[in-house]
Amino acid sequence: MEWVLFALIALPLGTTLVFMLIPSRYSQLVRYTALAAAAAMFLMSLLVFIRYEFEGGSGLRFDLQLDWLENIAFLGENGITLHLAVDGIAAPMVLLTGIVILAGVFISWNIDYRNKDYFILLFALVAGVFGVFVSQDLFFLFFFYEVAVLPMYLLIAVWGASSNFGTFVRTKEYGAMKLVLYLVAGSVLIFIAIFATFTEAGQGTFDLPVLGEATYGETFQKTFFPFYMIGFGILAGLWPFHTWSPDGHVAAPTAVSMLHAGVLMKLGAFGILRVGIGLFPEGAQFWSPVLMTLGVTGALYGAVSALGQKDLKYMVGYSSVSHMGFVMMGLASMNSIGVTGAVLQMFAHGVMTALMFANVGAVYDQTHTRDMTAFGGLANKMPRHTAFWTIAGLSSLGLPGLAGFIAEIHIFVGTFQAGYYWAGALGILAAAITATYILRMLASAYFGPFNERWASLKEMRFREQSASVLLIFFIVFMGMWPKPFIDRISETVNNLPGIG
Amino acid sequence: MIPIENFLVLSAILFSLGMYGVLARRSAILIIMSVELMLQAVSINFIAFAVFLYPDQFRGLIFAIFVITIAAAEVGLALAIVLRLFRNRATANVDEVDILKW
Amino acid sequence: MGEVWLIPAIPAAAFVALLLFGKYLPRRGDWLAIGAIAASFVIFFPVLIDLLDNLDQPDFTGGGRAWEWVSLDAFNIQLGFHVDQLTIVMLAVVSFVALMVQVYSVAYMRGDPRYGWYFAMMSFFAAAMLTLVLADNLLLLYVAWEGVGFGSYILIGFWHERRSAAEAAKKAFITTRIGDVGLLIGIILLWREAGTFDISEIFEFAEGGGYSAEYLTLAVLLLFAGAVGKSAQFPLHVWLPDAMEGPTPVSALIHAATMVVAGIYLVARMLPLFELADPVALSVVTAIGLTTVMMSVTMGLTATDIKRVIAYSTLNSLGLMMVALGSGSVTAAMLYLFAHAFFKALLFLSAGSIIHATERQDLTELGGLSSKMPVTSVVFGIGALSMAGIFPLAGFWAKDEILNVSGDNQNWVVYVFMMLSVFITALYMTRLFVRTFTGRPRNHHAQEHAHDAEPMMTVPLLLLAALTLVGGFVAFGSVGEALGFPGGFGEFVFLEEAEAFHFPWDVAILSTLIAIGGIAAGVYFWSGEAAPARRAAQSLRPVYRTLANNYYLDDAYQWVINHVVLAGGAVIGWFDRNVVNDTAVDGSAGLGVFAGFGMKFLETGKLPNYALAISLGVIVISIVFLVVSV
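So the protein sequences, as listed, match chains A, B and C. Position 152, counted from 1, in the first sequence is what our numbering calls 498; the numbers after and before it change by one each time, with no gaps. Position 99, counted from 1, in the second sequence is what our numbering calls 205; the numbers after and before it change by one each time, with no gaps. Position 89, counted from 1, in the third sequence is what our numbering calls 87; the numbers after and before it change by one each time, with no gaps.
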């Protein structure tokens, strides 16, 4: 069973090789290969989640250690190893990735332009994402992090869409360039902090469990926690470093937006938790008021910005900023309820934002506009699509019974427990503003009298519906029965240092 | 025995001449020749120190031979470039060859 | 009876079944929804008997089983149920009215393209509302609270092709959501000190002095904000009149009998905390309730949509209940709630019959319907008289009880306003009845086709009318004992000590006289061609305008939304795009480009320049080296 994590990384990488062997004129074969691989990844991630053993105490599951470099130069024993394992935080994230890639392949079905190259890049990206979530070695964590970020550039710049908004233009090259430059800037900070951590620990290893045992001086922690916080925070859409996100989403093709908002932004929050808080609890404690402030600001700012958008993708993009602000609030609360809530929110937001982007894409494919004021009464023509949108929206505004509520209530309660009354109150207000922009969008685009301009509109394709149903299943599952998630997450969170 | 200072002064004079040539001349051929002068100045230094410090070893001498070899190869390459340049631009004046800047 | 959970579970199961298989069921599964709510209504009786048997046991909760839904450290949400006298009253109201309304809907909604979906959502709403009533902890209550809000959203916007319905649904959800911000904060504040969401444990904690007075006051006022939103109290009442865009049975169930009284129920349930908090908390409740009463009765005078008038009367009733709670009387509030559910559902459903028959709902197009729709006019009249507070209808007993407690516990200003509201209530209810059923028909086309509805719709009306006639008598001790209760309503539902029914004749006679005066004035003003009313409207033009425009509150809110909220969104959006992105982000990138542009001139392309730079570099390094090494 240990090899399942290795297989999770090897499968997408191997699939990219298989794609290279397929002549590009067999585009249908490419699609089915992608579907088979994605389904296998989904099943494996489900396996990782379900077969997570609770008896093992606080330790790591599916532990696998392959030596790579050791006992040379500055490296000691286990210097750099491919150390793969999951804990209760990583397990839901692995599942999330499996879900979103399967849905993403369904959504990518109608890509015709060089679809082989598209899937090669998409699978390379997914390999990186799986790698980050399961790596227990700081070197490989960073390596996979970069692997996940870089294919994004080509995916957006080649398969994306440029948009003209009248008063301003956003080209796909601009979106791609900004996204990559921003994330690489974050990587620089992380890279510095990784070497500082390595030197300070003095163990000659990048192995995270070993580094976690080491002691770091308080001043050192306070100095270097912000490097991780901002470096990873950039990828998590931490306010005010969020602007790559809405523009990136607007430029990206649908499935890339899904992966990007659904999974990639979670890498950032995951990094803050696993590396930042995991290694430097005292530093995190010291900086938590700042993180809380930035998180609340992002939550409110994103929600209010979303209120001012007419473009559907901008709206969803800003709502991602807002929801990632909730994640930051949960992390900053530094108690088990809040941090558990943050991880829950990462999962919940991942699934529902993927659903939102899938639905935006479904409309955009047919209408070639995303201006919500240009629609009206689409519910008449696309009842199922409207239902999917509504469920995603209700989850994001925190309706009980859907995933978003479970996550947000934990975050709010954790925030209050940590004593940040003002932040908790503003967070709840941000959730109410979420209701406003979601319902406004639904009322203007989907309800009301039907706009005859869209008379030729058809219901979503079957594959797009399948993807939506898959995502909705998990939204409802987590909303109705969150126990499997909470048990796994809280078990690990309670053992993190500095979580009270 | 001739004191080492003499060799060093000779080497310094040669090196300075070469450097002046590189900086002041505009003809590519003359610049290459000046570079050769500087290389030979270094070679003299190597040999002088080698003989004075470690008379029974060959390390410095080997370096001098290395320098000569590399100088030969370098001249071969540089002259070829100058030749191509002259063919294309009908000049060997380095001031007129600046198309590779921004 | 430990199986209380079945009461919400059966409609919930029906909802899931209808959602998944509704399309394939005969008659789209309406029988399943009705059967489910009927089953809940039947299970209500053993629950009631169980409670009556255990009344003398202070620890009895009647909850039976509980499930752990979320559990993490001090934070856990139980699916736990609690039965007490308050719950029983609400259960009776909700399950009975829901059953009546669903039966009525079979005929009312026949032929609608989304017939099955309607019944599915009705089942969902019933499940959520019953959970809300039974919840033994605040967070489960909040969950159900949001659930009923969602049901209301979908059902108001049921005919979402109409722009007005879509907007009304949105408005209802968002407005109540604003109140819910307060509710959730209040719940978490209560939890933070007590470490539990369980309502009875929170009471114990509070009675032990666990909360400081200021903290508790803040928390209960935040809870009250939730009630203000849900029960449509001033200043968040604006959604309720618009909510009439939904199908009329929905209005009867959700916006009269059940969901809107959830706020009343919440305050009644948490009243022990209000009593422990600073007295200002209860004063706020009274003030908000009274403001709502006075605004709604005056707006009821000018509204011309038959459903909107009834909606204002609902606001009126909700305000009265809040005043009762502000006076510290759970008994009066719950008695009114009980009576109100029947007569208000009756009013809405008879209005539905009128709309169904004439396809008109504006008073300017109705009139003279009593001959065509005799049954409807009689039951409507009963409902209207009950609302006006005429002996011996249910509304009379309940309203007098509220007047009593407000006379006892409030200062005379409140009392005077209450009496004034009695007058105006009678006035506009008379107007509604007179304009609809008497006089000359104003639209002959609509008039010709009018007829009493079929039995499927009429039977629920008659049942509700019967209850409106006799429902008030539960206040009497002898009636209660005959039915197996420990006494009258006041001896069954109370906060601190049981109170036998007493009947102050002075209040009763005064209020009856005032109500009769209101009816007489209404007949004078609006009968026939309503000439006196027109003259009054002419001479009081600014007042009339203000009332007809709902005190311009909707316009004011719309202005705030357009010019503050949306403008704020647009400004932040603009700020993000132009300042954060184009200036800060692109600007720093531009700075790099500019620096590169400046630096590139160092590259001259002249070989001697490079050679000179190398030479100088070597010399500088040598000098530095020399200086350092010496």
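FYI, nobody ran anything at the bench for these hints, they're computed from the structure. There's no promise every hint is true.
[Claimed, not checked] Listed next, the in silico DSSO-like pairs over lysine-lysine satisfying Cα-Cα at most 30 Å (straight line):
no., chain 1, residue 1, chain 2, residue 2
1, A, Lys727, C, Lys21
2, A, Lys656, A, Lys804
3, A, Lys656, A, Lys568
4, B, Lys207, C, Lys21
5, A, Lys829, A, Lys727
6, C, Lys21, A, Lys804
7, B, Lys207, C, Lys598
[Unchecked claim] With the C-beta cut set under 7 Å, the calculated list includes, among others, these residues of chain B facing chain C:
no., residue
8, Glu111
9, Val115
10, Val128
11, Val141
12, Arg195
13, Val200
14, Glu202
[Claimed, not checked] If you want the ones that stay clear, here's a sample from chain A, every Cβ over 10 Å from chain C, calculated:
no., residue
15, Gly360
16, Ile752
17, Val759
The beta carbon of each residue, even a glycine, is placed where N, CA and C say it ideally should be.
Each hint tested on the structure:
no., hint, result
1, A:Lys727 with C:Lys21, "holds, 19 Å"
2, A:Lys656 with A:Lys804, "holds, 23 Å"
3, A:Lys656 with A:Lys568, "violated, 42 Å"
4, B:Lys207 with C:Lys21, "violated, 75 Å"
5, A:Lys829 with A:Lys727, "violated, 38 Å"
6, C:Lys21 with A:Lys804, "holds, 21 Å"
7, B:Lys207 with C:Lys598, "holds, 9 Å"
8, Glu111, "violated, 18 Å"
9, Val115, "violated, 17 Å"
10, Val128, "holds, 5 Å"
11, Val141, "violated, 9 Å"
12, Arg195, "violated, 14 Å"
13, Val200, "holds, 4 Å"
14, Glu202, "violated, 10 Å"
15, Gly360, "holds, 38 Å"
16, Ile752, "violated, 7 Å"
17, Val759, "violated, 5 Å"
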